[in-house]
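Peer 1: Line order of the protein sequences matches chains A and B.
When we follow the working numbering, the leftmost residue of the first sequence carries the number 98, and every step to the right adds one.
When we follow the working numbering, the leftmost residue of the second sequence carries the number 98, and every step to the right adds one.
Wrong hints could be hidden among the right ones.
Put simply, identical chains are the same to the list, so a pair is met inside one copy or across any two.
To be verified - Within a straight-line C-alpha distance of at most 20 Å, the following computed EDC-like cross-link-like pairs (lysine to aspartate or glutamate) qualify:
hint: 1; residue 1: Lys-140; residue 2: Glu-316
hint: 2; residue 1: Lys-359; residue 2: Asp-261
hint: 3; residue 1: Lys-183; residue 2: Asp-448
hint: 4; residue 1: Lys-118; residue 2: Asp-379
hint: 5; residue 1: Lys-183; residue 2: Asp-345
hint: 6; residue 1: Lys-143; residue 2: Glu-461
hint: 7; residue 1: Lys-309; residue 2: Glu-424
hint: 8; residue 1: Lys-421; residue 2: Asp-261
hint: 9; residue 1: Lys-343; residue 2: Asp-122
hint: 10; residue 1: Lys-366; residue 2: Glu-145
hint: 11; residue 1: Lys-258; residue 2: Asp-361
hint: 12; residue 1: Lys-183; residue 2: Asp-158
hint: 13; residue 1: Lys-366; residue 2: Asp-261
hint: 14; residue 1: Lys-118; residue 2: Asp-420
hint: 15; residue 1: Lys-184; residue 2: Asp-505
It should be emphasised that the hints constitute simulated quantities derived from the structure, not laboratory data.
Protein chains: 2
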Amino acid sequence: MIKVGIIGVGTVGSSVVNILKDNADVISARAGVDIVVKSGVVKNLKKERDLDIVLSNNVDDVLNDPEIDVVVELMGGVEEPFAIVKKALQSKKAVVTANKALLAYHRYELQEIAKDIAFEYEASVAGGIPIINALRDGLSANHIESIMGIMNGTCNYMMTKMTDEGIAYADILQEAQDLGYAESDPTFDVGGFDAAHKLLILASIAYGIDAKPEDILIEGIENISQDDIAFAKEFGYAVKLLGIAKKDADEVELRVHACLIKQDEMIAKIDGVMNAISVVGDKVGETLYYGPGAGGDATASAVVANIIDIARSGKSTPMLGFDKPMEGKKLRLKPTANIQSKYYLRINVSDRAGVLAKITKVFEQNNISIETMLQRPSDETSANLLISTHIAVESDIQNMMTSLASLDFVNSKPVMIRIV
Amino acid sequence: MIKVGIIGVGTVGSSVVNILKDNADVISARAGVDIVVKSGVVKNLKKERDLDIVLSNNVDDVLNDPEIDVVVELMGGVEEPFAIVKKALQSKKAVVTANKALLAYHRYELQEIAKDIAFEYEASVAGGIPIINALRDGLSANHIESIMGIMNGTCNYMMTKMTDEGIAYADILQEAQDLGYAESDPTFDVGGFDAAHKLLILASIAYGIDAKPEDILIEGIENISQDDIAFAKEFGYAVKLLGIAKKDADEVELRVHACLIKQDEMIAKIDGVMNAISVVGDKVGETLYYGPGAGGDATASAVVANIIDIARSGKSTPMLGFDKPMEGKKLRLKPTANIQSKYYLRINVSDRAGVLAKITKVFEQNNISIETMLQRPSDETSANLLISTHIAVESDIQNMMTSLASLDFVNSKPVMIRIV
């Protein structure tokens, strides 16, 4: 019998307890042993909970319990859970976590400490989709060329609604908050940070690359308007917040931002709160993994799968997929300024003679070549220029954005969306 | 170092050799050891091959080689490879195979023989998509409610072309043969047998159910016409050949047949030669896995991933996912006659008075309730009746089809497609 202790018994933790009870028949048959939750740790012992486990408000009651084989960390945060899981690993307890922030900051230290002990984290990326499993084991024969993922259901829900129903950004954000998809401070989701944490975890498995959130390009969806959606539709694009990892020679690009992506790409067809991750391997080509990226039961499904793995085989795969570094081939993070892409820009200008000539001049001065341009009236005295470019360099685009913003007939900071 | 011997060095076998060479850097880093192909067995030694391995035409040169750790079986067939992999397992060599027919017939015997030895078969279902991995490990916390998959790329290519370009069945079959997607005898693909082999493998992992191809409902796409495609489009369906496994209380339905499926379902959006498998778990909900179902490199990607797994951990998961049977809950195969579905029928009738009344009478006599009906002229003297039903029982439909076929104004055997 495998005994589990859960640190943090909220929505996901309660689902873990319930799945291990509801599905005990199939879990025991698959794992070869019974798996039971012995105890849990919560902050507030007085809160009513309909769970048949021993609860404590002292983490040491789990960490020091010699009967507990697996510690499941579901408390959230970074430094506090880091200290706790370190202690668990040092007491030779296997650890399962759903905590993406913990991994975004401390995954390599954890890999070091967990050398001979199982440390699993399937639920930390894309909830119920077994993407860690697929990338670390199923695609292990491949050099990974790229990962492109809808890793934040809240943003995808909002983009889908803006596209299908023409709802304005502020209204759909309010709706997402009312539905519980977005927090009252939505920055972590709509600012791209949640997706960035997940991307960093996948990038380590794909490329063995260490990077922290502050090292990579992270932008959100806050500036997307119905003008941009209309442009996207007209030119056959969907608008998505994507996490992207891409290998280019010895460098890896890591970036999270809104994208225009051709509607016939599989990832463009993913609507609503669902997540999907497309992985291109040099041998297998494109594979894609789709499913629920959040929710108590879906996330707990991944947590419990990890516990079953541990029951079956202890530690079977190196935590981040690499048993040792690739010989002589350490990949480096590509500086953000060097990223190349096609770009879409929305520039609100005063509607007067000569403006277009001056704008196109600025493009030329920054080595940016225009692919398509649409001009649409914005109000009686101004117009929106909707412009897509050929492939350009990020630093040139950023310089040009600064130049454009300083022009007296440009009414607000131009909006830029990268085209995939 | 792990040494591999390959039995059957055709397209996939050559790709295995090449991947292990081309990607040796990343494979060795992930596996923790070097993996090399020591030797291969082929039928015809005289055939020119550009491979840097020792070849023999005697299978015992691999089976009796004490240096070989992993035998990769890629020869195809059923009884001959069965004898060979048994011998390999008995000599304590791990086995990796891509052979779905072998598994469709002998998977439970192989599981018995392979008790303590790794026997892996990721490539046997859906080529490069790590679906075995996902179902056996990633979703192990779930009771699987259903599996629905596009498991045959040839059929999906043909259905896509018939839908998008209005090409007739016979013409698109010829094109698929010219492109090498379909064999000169296409029955194995278009008759649904290839998909059935794969479905049986997945059903064992999901449900622990033993069944052979002859036990289950297998129909192909041979009778699909542009009339059916037109009906499908009009009512918002896509036409797909699907492998379906579905749990209903203590019974499991297993069936392969053409389906009408609502266009907004993810699986309906999968076009061309690609494969996709949708799995619904009771806790996680729907997840879907998409990618190339065939091709040398894609299939070899899965074979090599299995070899890496074995190098990492030997045997880590029970071969068919269950370490022991579920207590007191053995699932049974549902008899085909009891399957329930909605149905679409195309009935070609002589265009004369009273026909419709007589047809609808036959429906009524067989307890089949009609949902929609379209009548379309077929030629000057006949018409096609395109009818969809409410949920009905397979045996009733089959009886009704027999009755309909015997009517003197019904010009040919009616065509039936199940609606998902």
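Peer 1: Taking the hints in turn, state whether each one holds.
Peer 2: Taking the hints in turn, this is what the structure says about them:
Proximity of Lys-140 and Glu-316 under a CA criterion of 20 Å is satisfied in neither setting, with 34 Å inside one chain copy and 58 Å between copies. Taking CA atoms no more than 20 Å apart as the test, Lys-359 paired with Asp-261 passes in both settings, with 16 Å inside one copy and 18 Å between copies. In the homo-oligomer, the alpha carbons of Lys-183 and Asp-448 never lie at most 20 Å apart, since the shortest distance is 61 Å inside one protomer and 79 Å across protomers. Proximity of Lys-118 to Asp-379 under the C-alpha cut-off of 20 Å is restricted to the inter-copy arrangement: shortest distance 13 Å between copies versus 42 Å within a copy.
Taking the shortest Cα distances, Lys-183 and Asp-345 never come within 20 Å of each other, neither inside one copy (35 Å) nor across copies (45 Å). When the C-alpha separation of Lys-143 and Glu-461 is checked against a cutoff of 20 Å, the pair qualifies neither within a copy, at 66 Å, nor between copies, at 62 Å. In this assembly of identical chains, the alpha carbons of Lys-309 and Glu-424 never lie at most 20 Å apart, being 23 Å within a copy and 47 Å across copies at closest. In this homomeric assembly, Lys-421 and Asp-261 never come within 20 Å of each other (Cα to Cα): the closest approach is 47 Å inside a single copy and 48 Å across copies.
Taking the shortest alpha-carbon separations for Lys-343 and Asp-122, only the inter-copy value of 19 Å comes in at or below 20 Å, while the best intra-copy value is 42 Å. Proximity of Lys-366 and Glu-145 under a CA criterion of 20 Å is satisfied in neither setting, with 42 Å inside one chain copy and 45 Å between copies. Taking the shortest alpha-carbon separations for Lys-258 and Asp-361, both the intra-copy value of 19 Å and the inter-copy value of 16 Å come in at or below 20 Å. When the C-alpha separation of Lys-183 and Asp-158 is checked against a cutoff of 20 Å, the pair qualifies only within one copy, where the shortest distance is 16 Å, while the shortest distance between copies is 50 Å.
Taking CA atoms no more than 20 Å apart as the test, Lys-366 paired with Asp-261 passes in both settings, with 12 Å inside one copy and 18 Å between copies. For the identical chains of this complex, Lys-118 and Asp-420 are inter-copy neighbours only, at 19 Å across copies versus 35 Å inside a copy, given an alpha-carbon limit of 20 Å. In this assembly of identical chains, Lys-184 and Asp-505 lie within 20 Å of each other by CA distance neither inside one copy nor across copies; the values are 59 Å within and 81 Å between.
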